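**Q** Sequence:
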Amino acid sequence: MINSKYKNNLNLIFDKLLKTYSYQGWWPFIDYDGVNPTKTGAISGYHPKDYDFPKNSNQKFEVIIGSILTQNTTWPSVEQALNNLNKLVDFDPLSILEFANNNEEPFKNAIRCVGFVNQKTEYLKNISNFYIDLKEDLDKEDEIPSRKDLLAVKGIGNETADSILLFAHKQKEFKVDSYTKRIFTYLGYIKENDSYMSIKNFFETNFSGDVNMFQEYHALIVEHAKRYYSKKPYGVNDKILNEFKI
DNA sequence: TTCCAGGCAATAC
DNA sequence: GTATTGCATGGA
Numbered sequence: 402m403i404n405s406k407y408k409n410n411l412n413l414i415f416d417k418l419l420k421t422y423s424y425q426g427w428w429p430f431i432d433y434d435g436v437n438p439t440k441t442g443a444i445s446g447y448h449p450k451d452y453d454f455p456k457n458s459n460q461k462f463e464v465i466i467g468s469i470l471t472q473n474t475t476w477p478s479v480e481q482a483l484n485n486l487n488k489l490v491d492f493d494p495l496s497i498l499e500f501a502n503n504n505e506e507p508f509k510n511a512i513r514c515v516g517f518v519n520q521k522t523e524y525l526k527n528i529s530n531f532y533i534d535l536k537e538d539l540d541k542e543d544e545i546p547s548r549k550d551l552l553a554v555k556g557i558g559n560e561t562a563d564s565i566l567l568f569a570h571k572q573k574e575f576k577v578d579s580y581t582k583r584i585f586t587y588l589g590y591i592k593e594n595d596s597y598m599s600i601k602n603f604f605e606t607n608f609s610g611d612v613n614m615f616q617e618y619h620a621l622i623v624e625h626a627k628r629y630y631s632k633k634p635y636g637v638n639d640k641i642l643n644e645f646k647i
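Okay, so the first sequence: first residue is 402 according to our numbering, each after it adds one.
A few of these clues could be false.
Unchecked claim - Derived lysine-lysine pairs resembling DSSO-like cross-links, with alpha carbons at most 30 angstroms apart:
hint	residue 1	residue 2
1	K526	K536
2	K406	K627
3	K601	K549
4	K592	K536
5	K601	K633
6	K573	K417
7	K488	K601
8	K627	K456
No lab work stands behind these hints, which were simulated from the structure alone.
Fair warning: this is a prediction, and the values are worked out from it, not measured in the lab.
With these hints in hand, go ahead and build the complete structure from the sequences.
**A** See the structure below:
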C-alpha cells in the first residue's frame, strides 16, 4: 500500500506534529483540573504527558459516554453536555441507564447541545446495557470488551469502538476519523474512498509506537487538521506537512 | 445563509 | 461491498 521509500513517513510525520504542537493530553476530563493550552476548540481537562488515565471506573465511563456524544459534533458542546449530565447522575452504566429511562426529558435536555438527541439517548442506553451485561457476565469491573462485541451495539461504529478501546481501555487500536482521511488523502498516502478498516490497518502496519503514542497521534491529527483541513480546499495552506507530500 | 463539527444506521443498488 | 440519506444543534 505504501512504497518502501516512504516506509518511515508515518513516524516522521508524527515527530513533526509532536514537535509543532507538543503533547495534547487527550482524553479530556470534565472534573480534571488540567491545563488549558491554546488548543483549537479546547476548553479544559487535558493532561499533557500524563497517560495514566482514566484513573477510575467513572472516568472510564466518562470517556465512553463522550465517545458517543462527540459523534459529528464539536468538543465544547460535548463538554457542556457532560457538565450538564454530571449534575444529574453519576457516570456509571447503571445510573445512566436508570436516569435516562426514568427522566427522559431532563436527560435529553442535558445532552441536547450535542445534537442528534433522540439517537444519542438511545445509543447511551445501549452502551450502558452493554457494560452492565459485560460486568455481570464476567464479574469483573475492568474487563475489556472485544472490538467485535462493541460494534454489535447499535450506535457504536468503527470510530467510536476504536475511541472507546484506545482512550477508555488503553488498547492499541488506531482511531481513524474524517480529519485523518483529509490529511493523509491530501498528502497522497491514502485514497478518498478507502475504507475505514484499510486506513486503520495502514496506520497500524506502518506506524511504530506504543498505545500512548497511538493516543497522541490521533490527538495531533485533530489539532493539525482543525487549523489546515477545516475549510475547503483542504490542506492548501498546510506548510507544516508539505515536505511529506507524495 | 450556508457550511461544518473528534459518525452511525438504514436503505438501495 | 459501496454510495446515499436522515438524524439535531450550535457556531463561524
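**Q** Checking one constraint from the list: CA of K592 to CA of K536, max 30 angstroms. Satisfied?
**A** 40 angstroms, violated
**Q** Is the Cα-Cα distance between K488 and K601 30 angstroms or less?
**A** Measuring from Cα to Cα gives roughly 37 angstroms; hence the hint is violated.
**Q** K406 and K627: Cα distance at most 30 angstroms?
**A** Since the Cα atoms of K406 and K627 sit roughly 29 angstroms apart, the hinted pair holds (cutoff 30 angstroms).
**Q** Holds or violated: K601 with K633, Cα cutoff 30 angstroms?
**A** The given pair, whose Cα atoms are some 24 angstroms apart, holds under the 30 angstroms limit.
**Q** Keeping to a limit of 30 angstroms between CA atoms, is the pair of K526 and K536 held or broken?
**A** Distance of about 16 angstroms is within 30 angstroms: holds.
**Q** Tell me if the straight-line CA distance from K601 to K549 falls inside 30 angstroms.
**A** 15 angstroms, holds
**Q** Going straight from one Cα to the other, do K627 and K456 come out at no more than 30 angstroms?
**A** 28 angstroms, holds
**Q** Under the criterion that the straight-line Cα-Cα distance not exceed 30 angstroms, is the pair K573, K417 satisfied?
**A** Given pair K573, K417 holds - Cα atoms ~21 angstroms apart, limit 30 angstroms.
Violated hints, listed in ascending order, are 4, 7; each of the other numbered hints is respected by the structure.
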